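Student: The residues making up each chain are set out below.
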Amino acid sequence: MKKKEIQCISLTVNGQQYELYVGNRPGDVSPSDTLAHTLRETLGLTGTKIGCDEGACGACTVLVDGKPVLSCMILTVECDSRNITTIEGLADAKTGELDPIQQSFIDHTAFQCGFCTPGIIMTTKALLHENPSPTEQEVKEALAGHFCRCISHYHVLEAVMAVVEEK
Amino acid sequence: MATKYRFLGKATRRKDAVEIVTGRAKFVGDIKLPYMLYGKVLRSPHPHANIKSIDTSKAKKLPGVHTVITHKEAPEWKLGNPSHRHLLDSKVRFVGDAVALIAAETEEIATEAMELIDVEYELLPAVYDVEEAMKPNAPQLYDQFPRNTLPPGFRWWGPRNLQEVVMGDVEEGFKEADVIAEGTYTYENIPNPLPPEPPGLIAAWEGPNTLNIWSSSQAPSMDKLQIYYTMGRTVDIRALGGPCGGSYGTKYMSLPVFLQAAALAKAAGKPVKLCYTKKEHLAVFTLRLGSRIHGKVGMKKDGTVTAISGDWLINTGHYCQATQGQVAVGCGEVQLVVRCPNWNLKPKVVCTNRCASGIVRGYGGQELKCAFLPILTLAMEKIDLDPLEFFKKNYVRPGDGYYWRDGNWWVCRSVDYSRAMEEGARVFGWQERWKGWLKPTAVNGTKRRGVGVGLHGNADTGEDTAEAYVRLDPDGTAMVYSSLCEHGTGQRSSLCKMVAEVLQLPLERIFITPADPSVNPYEFGSAGSRGTYAIGSAYIAAAEDARQKLFALSAQSLNAKPEDLETEDGMIYVKGKPDERVQWRRCIGFNRTVLGYGRFEPDFTLPNFMMTFVEVEVDVETGKVELASVVNSTDVGQIIDPPSLKNQLNGCLGAAGIDSALLEESVLDINNGHMLSTNMIDYKWRTFSELPTIKNVILETPFSSHRFGAIGVGEITTAPGPSAVLMAVSNAIGTRLYSYPITPEKVLMTLGRIKRSNVK
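Here the protein sequences line up with chains G and S, keeping their order.
Just so we're aligned, residue 1 is where the first sequence starts under our numbering, counting upward by one.
Just so we're aligned, residue 1 is where the second sequence starts under our numbering, counting upward by one.
Worth flagging that the hints you see were computed from the coordinates, not collected in a lab.
All of these numbers come straight from a predicted model, not from anything done at the bench.
One should not assume that every hint holds.
What the hints assert, rightly or not - Restraint ranges, calculated between C-beta atoms of paired labels, are given here: (1) S/Arg585 x G/Gly27: 24 to 30 angstroms; (2) S/Val411 x G/Glu165: 50 to 56 angstroms; (3) G/Gly27 x S/Glu566: 55 to 61 angstroms; (4) G/Glu165 x S/Phe511: 33 to 39 angstroms; (5) S/Lys382 x G/Glu165: 51 to 57 angstroms; (6) S/Asn672 x G/Glu138: 42 to 48 angstroms; (7) G/Gly96 x S/Ser705: 42 to 48 angstroms; (8) G/Ile6 x S/Met36: 27 to 33 angstroms.
The beta carbon of each residue, even a glycine, is placed where N, CA and C say it ideally should be.
All chains should be modelled from the sequences, with the hints used to inform the complete structure.
Tutor: Here it is as structure tokens:
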């Protein structure tokens, strides 16, 4: 009989390290758990929203090693040793000061119902890290995978471009 | 105007802004209760069938499964208007109809359990088309509705509720006409407003007769009432609404979902969370009504409308919750854009074997207009009349009357909206771009441009009763008691702004209670465009009441008469002596609060209007239509919050709005009743990279009966657009189109470039 191997994975989420067992007991990461599920259900980080749960709406976007990832489309076990940032990790942990993108979204009322907002902000964060001075067209293309139904797009673009111009 | 008020008309931070941008806003999916189970619904794969047998024994034995409910064990709760279907039934009426409910310790276990339920069906013939369903030999969905036609009437709107538009003498009217136009138009693409957050809730019983509900809702007070009546008025319901991840009207239709969770929670004796998947959201949740009109209009050469007649056929799918209510409002709204002495417009609400249509932003009016306005344009074309001139001539002005949803005749006392229409036309450049009927504005190779215009109005700005409490605390803060849910419009913050203006109290010192109807006064919800006028007026009155009570309590200690007092920033002073101000608590004591009450009675005399101009570019080689530009023009009396207003007007595109003319369609396979567009790739929506230019022309002509002169317009932004797009595309390609959405295939077929297929 094959010896049962106890597996453990390590995730760094918003600077905090988590050691999680892979298994099916409460608190474990099941091999079939998506990162979105683990963040929300296991770690209680519900700022990451699940809209479609099939990679088509962008609501669950988080950063994995700085890159925007649809967390409903990646298994948690694939994220071993990775560095993950969620919407909860954007504000300064010590001072609570908001990220300039978050502040700009507030200043421009760049949301309506707000359900898609965390995902949009995370993609914006990755975009501005990679390209600090995108054109409006580049912002539109970067955000094209985000489903916003209230049509806050125009205010989102204003908010993002205001951050770009600040820099 | 801009500096008239301290808070109103200025951009202020939404009260919930920090929660939203930090992810701390708790939507229902983010909430967990101890011992909570997860619910799932086993759904019918057949559009119409009797359940011959159902065996749940294997599912019940699966470890982790707590409860399985079929029609045999389900509570006898009946839903619909009139009451017509059980929560679970021995008959299924559409692909996706609920067959069994499961509660288990995880969603995965519940999903696995679904596969262990054996159901044997006796298949029945199904019907999908509204006119097929009305034929004598059509498959019958409900025994009590011959020809699948529902009885008219919606008691909520009162005993004389509007059921049709019939007045004057249409035969005489047609005799007076210079031209008569007749046609059939359909708006039957049943778009799904598709909020990003699917419908869902947690239900938990505290003993046999107390039910707690946390839900994604547009109106928890209404949820409470609906559940209360459905459960036979024996249950005390606490319905808590949190932030709502979009609704667009649809979450007023969550009753079946609520009852599914409540039944499971009752049987399991534990809280049950039931949140629909996106696939369920697309396949079984609320769609727009299917709307088809065979209509006829008579018109004089000067654009005077002499007669209107027609059959308005409304496909409500398998279930009807409020469709007759939508018919009533739609019938009222259509009269607002066309003054005509002779009408005979007869609606019929019909059931078919598909997912239910019902409450969606636009509430009957958009569905009616999208099919009806094009028939009017047939007559305009015959007399070569510019549609802008037609609308300006025919919309309801102060002094004109109309029948509203309650069946009463109301006389308009709105402002004159023709100024807004003219300003919109100027900004759009209508005069330069309008080239006549079926004529493109510009042709460049295979690209043809065309323009269109639409108009919508709604007298719901003052609909339904509103009640309000505003409490002043001795520390110079105020509490607004409200069961409004924030579903995107910023309405909770806008209420606070109106209260702030009355009390001259900074917004940071105004708080708002959670949307809990057991604590707060009656609240119909932010339906229609009632937030600013109806709800706002109640809160303004409550704030004023609190202010007067504060003055009465303070007069003695300030040695002045109450009418001589003034308050600002939580301080109170004798008018003219602002330097001698004292804190509220100095006058009323630290151990007293002051509660103001306000009430608003329904008033249907104040229709708002929105005119939408669009320009499209059609590629006649590929059939693709691009929406190039949109101009919305309206008058709001007084802007409350500029960015929130702009956001709402920009919202004209999505959620079954203008895009229902071009992209949005729930595709039903009429061979087997399956919905084909059940993922977010197959269901089309507009992305960031496809945004048209939008300009919003917003006038501020004060409405004298509102303390700040304001009126709401939020709901009506989506309705005028689709028919404007239909007009614009027809003009661009020089041929009329008769249905939505205008897909490339439909354009090419209309142009004769491809052969007729199954395109509707």
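Student: Hints first: check each against the structure and report whether it holds.
Tutor: Hint-by-hint comparison with the structure:
1. Between S/Arg585 and G/Gly27 the C-beta distance comes to about 49 angstroms, which lies outside the given range of 24 to 30 angstroms.
2. At about 51 angstroms, the CB distance of S/Val411 to G/Glu165 agrees with the hint of 50 to 56 angstroms.
3. Roughly 59 angstroms separates the CB atoms of G/Gly27 and S/Glu566, a value that falls within the hinted 55 to 61 angstroms.
4. Range check, G/Glu165 to S/Phe511: Cβ separation about 34 angstroms, and the 33 to 39 angstroms hint holds.
5. For S/Lys382 paired with G/Glu165, a C-beta distance near 53 angstroms keeps the hint of 51 to 57 angstroms intact.
6. Taking 42 to 48 angstroms as the suggested C-beta distance range, the pair S/Asn672 and G/Glu138 conforms, at roughly 44 angstroms.
7. At about 45 angstroms, the CB distance of G/Gly96 to S/Ser705 agrees with the hint of 42 to 48 angstroms.
8. Distance hint check: the CB atoms of G/Ile6 and S/Met36 are about 29 angstroms apart, consistent with the given range 27 to 33 angstroms.
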